[in-house]
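Dock chains B, C and D against chain A, hints included.
Residue numbers (the numbering used here), protein chains in the order written: chain A, 74 to 457; chain B, 74 to 457; chain C, 74 to 457; chain D, 74 to 457.
Treat the hints as calculated values from the structure; they're not laboratory data.
Keep in mind that a hint or two might mislead.
Ranges of calculated distance between the beta carbons of each label pair, as one might list FRET restraints [unchecked claim]: (1) T118(B) x K268(A): 53 to 63 Å; (2) K293(B) x K268(A): 55 to 65 Å; (3) E127(D) x S454(C): 50 to 60 Å; (4) N416(A) x G369(B): 57 to 67 Å; (5) H166(A) x G231(B): 23 to 33 Å; (6) F93(B) x S419(A): 19 to 29 Å.
Just some of the chain A residues that point at chain B, by a computed CB distance under 7 Å [claimed, not checked]: (7) E77; (8) L81; (9) Y399.
Here's a subset of chain C near chain A, in silico, CB distances under 10 Å, partners left out [to be verified]: (10) D358; (11) R363; (12) T364; (13) M380; (14) S382; (15) W452.
Built from N, CA and C at the ideal position, the CB exists for glycine as well.
Protein chains: 4
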Amino acid sequence: MSHEGNPLRMGMVGGGQDAFIGAVHRSAARLDDSMRLVAGALSSTPERSVRSGEAIHLSPDRTYPSWEAMLEGELALPSDQRIEVVSIVTPNHMHYPVARAFVEAGFHVILDKPMVNTLQEAQELAALVDKKGVIFCVTYNYSGYPMIKQARHMVGTGQIGAVRKVIVEYHQGWLATRLEETGQKQADWRTDPTKAGSGGAIGDIGSHAEHLARYVTGLKMEEICADLTRFVPGRALDDDASVLIRYTSGARGMLSASQICVGQQNNLRLRVWGETGGLEWQQEDPNQLRTWSSDGPEQVYYRGESMLSAESLEATRIPMGHPEAYLEAFANLYRAVALAIRNDHSGDQAIDYPDVNDGLMGVQFINAVVQSSEGKPHWVSLGR
Amino acid sequence: MSHEGNPLRMGMVGGGQDAFIGAVHRSAARLDDSMRLVAGALSSTPERSVRSGEAIHLSPDRTYPSWEAMLEGELALPSDQRIEVVSIVTPNHMHYPVARAFVEAGFHVILDKPMVNTLQEAQELAALVDKKGVIFCVTYNYSGYPMIKQARHMVGTGQIGAVRKVIVEYHQGWLATRLEETGQKQADWRTDPTKAGSGGAIGDIGSHAEHLARYVTGLKMEEICADLTRFVPGRALDDDASVLIRYTSGARGMLSASQICVGQQNNLRLRVWGETGGLEWQQEDPNQLRTWSSDGPEQVYYRGESMLSAESLEATRIPMGHPEAYLEAFANLYRAVALAIRNDHSGDQAIDYPDVNDGLMGVQFINAVVQSSEGKPHWVSLGR
Amino acid sequence: MSHEGNPLRMGMVGGGQDAFIGAVHRSAARLDDSMRLVAGALSSTPERSVRSGEAIHLSPDRTYPSWEAMLEGELALPSDQRIEVVSIVTPNHMHYPVARAFVEAGFHVILDKPMVNTLQEAQELAALVDKKGVIFCVTYNYSGYPMIKQARHMVGTGQIGAVRKVIVEYHQGWLATRLEETGQKQADWRTDPTKAGSGGAIGDIGSHAEHLARYVTGLKMEEICADLTRFVPGRALDDDASVLIRYTSGARGMLSASQICVGQQNNLRLRVWGETGGLEWQQEDPNQLRTWSSDGPEQVYYRGESMLSAESLEATRIPMGHPEAYLEAFANLYRAVALAIRNDHSGDQAIDYPDVNDGLMGVQFINAVVQSSEGKPHWVSLGR
Amino acid sequence: MSHEGNPLRMGMVGGGQDAFIGAVHRSAARLDDSMRLVAGALSSTPERSVRSGEAIHLSPDRTYPSWEAMLEGELALPSDQRIEVVSIVTPNHMHYPVARAFVEAGFHVILDKPMVNTLQEAQELAALVDKKGVIFCVTYNYSGYPMIKQARHMVGTGQIGAVRKVIVEYHQGWLATRLEETGQKQADWRTDPTKAGSGGAIGDIGSHAEHLARYVTGLKMEEICADLTRFVPGRALDDDASVLIRYTSGARGMLSASQICVGQQNNLRLRVWGETGGLEWQQEDPNQLRTWSSDGPEQVYYRGESMLSAESLEATRIPMGHPEAYLEAFANLYRAVALAIRNDHSGDQAIDYPDVNDGLMGVQFINAVVQSSEGKPHWVSLGR
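In isolation and in its complexed conformation, chain A is listed as follows (with noise of 0.2 Å):
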């Protein structure tokens, strides 16, 4: 069944005039209708978010100065017009006390990843949503691309076998100066223990690839050793980080994340191979999906092909050839979401999203491996 036309009402914290991500949530809730913004607190400072409000023609009485402004102000309404969902995506040291607050009052929440700062944030997050029911996810988003589903279904349904060795990496090269001095916002914050959090470029990035592996292999890891390096002259915060990873099955990994990798954009990829075969996904060209088996020639899958599976296919919107790329990715959560919400089990679309507890993975990684890299990296147990 088809969404247009129908959407939930959504608020937005975080997400106005200089950020990048919050225009990006938007489209994808827009894209395919599953959310329609109706109220915000687009910024930390009262004058901003008016401003950033305006901008994108949101309604004044619901642009509002403040979060606790916003959550007071949508709690006053009827609920036939108050807010369903409140979609967060401040920096990262806000996640905690505006998710807490509004999975309190019983909104559903969408939120950026890492989902928490601390360890005890993220395990008390979770708790706190088991415990009020709610749709809770934390934007993965790379994991909505339908060649990654295929990824998924492909090592799940064992067609290369067990998982022996995996390399996930996320290269970046826009910090490989000191951007942060400049003013530049996104660098600032990413780069403020204050604010991003005990990772930086783990954090930021790392968190992707630690989602993106796990979700299309399955694997637990069972210890890791981390070298986190500031290459840049007095950045407080990691900006590279190569991982040694084993996993409780006994399969090996190889994670690297870095953003000092000059001339590189958004090149996260995803190496797996099994007993008997292999594959191979770029960010970057996310439309094909390279694959290898023990007895026949490499094969390369494209988007939209009528023998993918039906996970890979019902996250499709336009036919084969015609590329899709990062904005449908993220309209995938925002659908699933907006499905899971309504509890509607009757399309095909699977109700497939990254929840709380995978948050509270992304929060134990980063912490470990930041415990890995004190000192003289060595082997820290991810153990449950």
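Positioned in the frame of chain A, the structure of chains B, C and D alone reads:
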């Protein structure tokens, strides 16, 4: 200035269930909130129109059984409720009567390509649009890609010198068998001369190739020699086209459009060489532009890089390395049309969209190709 | 059976200092010890012949001042010392007299393409070779690539069905300016009709493209329509060729050969589509073959994989993943010619090389293209 | 000055029937006439040595039953007939005794990698070579690729700034199953510690990766942390290696060497990022080098382009666009060794080949990796 949240009121003719391109147009409109669908005559049969309207949650009182009813109904509404623009996404043979009627009535129009099925219709429509002064866009959507705008900029500013050779191809494989016999709706009308017009592959996709080459190079055709073939037995229209082109400037071109290239999906690819350089772009990998010059290494530009032209950067939404694709390119046309309708020149988005004259030149091209291929292929002048 | 260490005695005409292709031929001969150079008339001027012989440590008493002297000198030697085969690597205009004389004298001949400069010469040479029964190879060297042999095998065994469409291109950029004016030797004779013959780009590289398409598909041309252009002012021969092809089977082809495509080096690329599949190969990435079928994903085959055809595997020397390239493909012709001369069918290497009839068909093609392009390009029959 | 036709006299130990690398060495020697094989002890069993000599037409009186017999026999010949250089291409465990004996006797030596199986042997051999003053080459053949020489030039001349991050991988899939049980000769000795030494994948291909990164960057390892795995049950040596590297300069590295990556062939790939740029090269596509800088677009350099460094251009034989590959790179080592033996500095070919100290560093690396991986992987110093 952001467009979000201030959409124009749009109607749609065609684009109901089983159609492909209607949903694309609606997504393109929604992506930036350029336009919001408020009325529709979504199918040629009344019942299907209604069902299609329901499926996308269109208001029942503005879900019309026919385009004539919609025209009448909307004209009866106050001007501040009435649609401002109509998007026409029917099979080709309906383009002319519907577009003509809405232009006559003073509506702005967005129309699929090829504009109409005969040269006379094209000329009449161009004259009418001129007379009525409405905004009229023909959705040669590939010209909306940011790296195509970069290519146009590079050629236009002399970065490859005077153009010598153009090779443009659009290869698909979906009509390699007689799919139209299976009842597949897309194949059915596209291979039926009473609906598609006189061109098969040349009209359906060759027209995109023709426009893309023209948009990037600015060259005018002097004459062409075309070999149209019907490879699939029983098919009434060409499924393969090979065209030699002589431009008025002395440049030479080759155009290949085919729907029998097994394994090809939407492989639209443009290569242009000038006296001092060259460039290459492919629709299935649209975020990059490969360029050559006589005095340096091959260079690859990626969408969103700060060194790109203003036209290219204005046409991009999200940062480099996060791929954009087909829908975003399509949405660029909708955004430009919305600005044109509002006559809004305040932003930095160029008001650049293919207009009725582009549509006319496209019909002239198809016409010449079909004429050239009658009997033994011979040279036909595009002279004006 | 290995060939190493049992070479035939070879002479060479042309290929002295400043030449390019002579050294390639000698490397190709040496790579498998197919032939060992023992005599040479390496230049058209006696002094340069001597100096060129010295530079490659050729025995002074078999370094001849002219090809006539070599012919005479070698005939005067006992048959167990005399050269068995001569490799002719002169500019085109010398092909005929030299080849004719050596064939007349009963020597086996390896000759560069295009075979000769006129159709009459080609027919006479073919008749002479037939009469004398010598082995005669025209070095359409690209047919020596293992993945081209795989492509030929796949087409020949019906794996893509009856061929419908062939696109073959050979694009270079080195003649985008008037290089011949600078005294560059390679450019000089290739743009001079008294040496190169009536074809410029079409003869020099278009002939390779023509042979490659023929070798892989086995198709015969029925008629062609060609547009030859001289883009560089003052140039006497075409530097760009665009050709429409109708094959006798009903298949269609497009051939583009150009030496003004700035940034292109030796971009020879073949695409073939049949009723049920297709394939693509590029000379600059020769170890892979991309294939498509109507009922499965895209497949990429790599040279040396055990699933490849016997013809392909016999033409490979080193394991898959260690790339082979131009010289190995060239050496495959020398190896085949050596087996043919020895009449050695004991091994598994197929005795497969382009012969005098391939050379004749190549000259017919160039001839037809030049004729087609005189005046307004028109269709010319290749009929025999 | 050309080398053609003036070869050194070469002997070979190992490289008989069923071997792979012997034929490669011989082709590499022949390609430029650098050396000509005149004597051989081609197998460890006398009968097979003789049969192998016959197969390649080696003179029977210099086809020796054992390397000891060859050493004795050659020493008994007059110095102008005696071999000048010996190429040792046996399994690893024979490297030390054979190389030692020939160096002792004053022969120049070309030896496969890894040089020897223990650190003590490596140190003794290095000292002996130094004492005897012979030319000694370890065939880290990938360093012979022209675009690797270009990469080394670019790093060495500061074109990417001080190196920060190195990622080097060598992935194969041929040992994903227990191939050694089938009697396959190549698999058999490579997985047997009594022949291969203490390293499996890390010794066989990891050593190539280590050298390549060192050759291009010039960095020295400070310490490493390695996780060696035996994925295939019953295998005695590692078939997968993941290594974290800290260089003395502060740069960081990751090295992955694996022989269980199904579908990978010889995927040796190097990426290096410095403060202001980066580069990438892949062995299976060796004619190009991709580079990035902080102030311009991505650039792709192709072998043979005139803008490349002298070192790169000297290492190339045929014009750009005609691909060169594995054998040519290998031949570059033979050519350099031949020049070194002749002490010929007259030409423009740099005398650049991996020597006994490179071999020693390679053994140190393997040693450290094996040591690091004993018990829980831990950091091991490469300190000197």
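Tested hints:
1. The hint said 53 to 63 Å for the Cβ distance between T118(B) and K268(A), and at roughly 58 Å that hint holds.
2. Judged by the Cβ atoms, the range 55 to 65 Å given for K293(B) and K268(A) holds: they are separated by roughly 56 Å.
3. Distance hint check for E127(D) and S454(C): the Cβ-Cβ separation is about 55 Å, which falls inside the suggested range of 50 to 60 Å.
4. Between N416(A) and G369(B) the Cβ separation comes to about 59 Å, which falls inside the hinted range of 57 to 67 Å.
5. A beta carbon spacing of about 50 Å between H166(A) and G231(B) contradicts the range 23 to 33 Å that was offered as a hint.
6. Separation of F93(B) from S419(A) is about 23 Å and conforms to the stated range, judged on CB atoms against 19 to 29 Å.
7. For the restraint placing E77(A) at the interface with chain B, the shortest Cβ-Cβ distance is roughly 4 Å, inside the 7 Å limit, so the hint holds.
8. This hint is violated: L81(A) has a C-beta 13 Å from the nearest C-beta of chain B, more than the 7 Å allowed.
9. The interface hint given for Y399(A) holds, since its Cβ lies 4 Å from the closest Cβ of chain B, which is under the 7 Å cut-off.
10. Because the smallest distance between the Cβ of D358(C) and any Cβ of chain A comes to about 14 Å, over 10 Å, the interface hint for this residue is violated.
11. Evaluation of the R363(C) hint against chain A yields a held restraint, the C-beta minimum of about 8 Å falling below 10 Å.
12. The beta carbon of T364(C) comes within 8 Å of a beta carbon in chain A, closer than 10 Å, and the hint placing it at the interface holds.
13. Given hint, M380(C) at the interface with chain A, holds; its Cβ is 7 Å from that chain's nearest Cβ, closer than 10 Å.
14. Against a cut-off of 10 Å between C-beta atoms, the interface hint on S382(C) is violated, since the closest Cβ of chain A lies about 13 Å away.
15. Hint status for W452(C): violated, given a least beta-carbon distance of 34 Å to chain A, over 10 Å.
Of the numbered hints stated above, those contradicted by the structure are hints 5, 8, 10, 14, 15, listed in ascending order.
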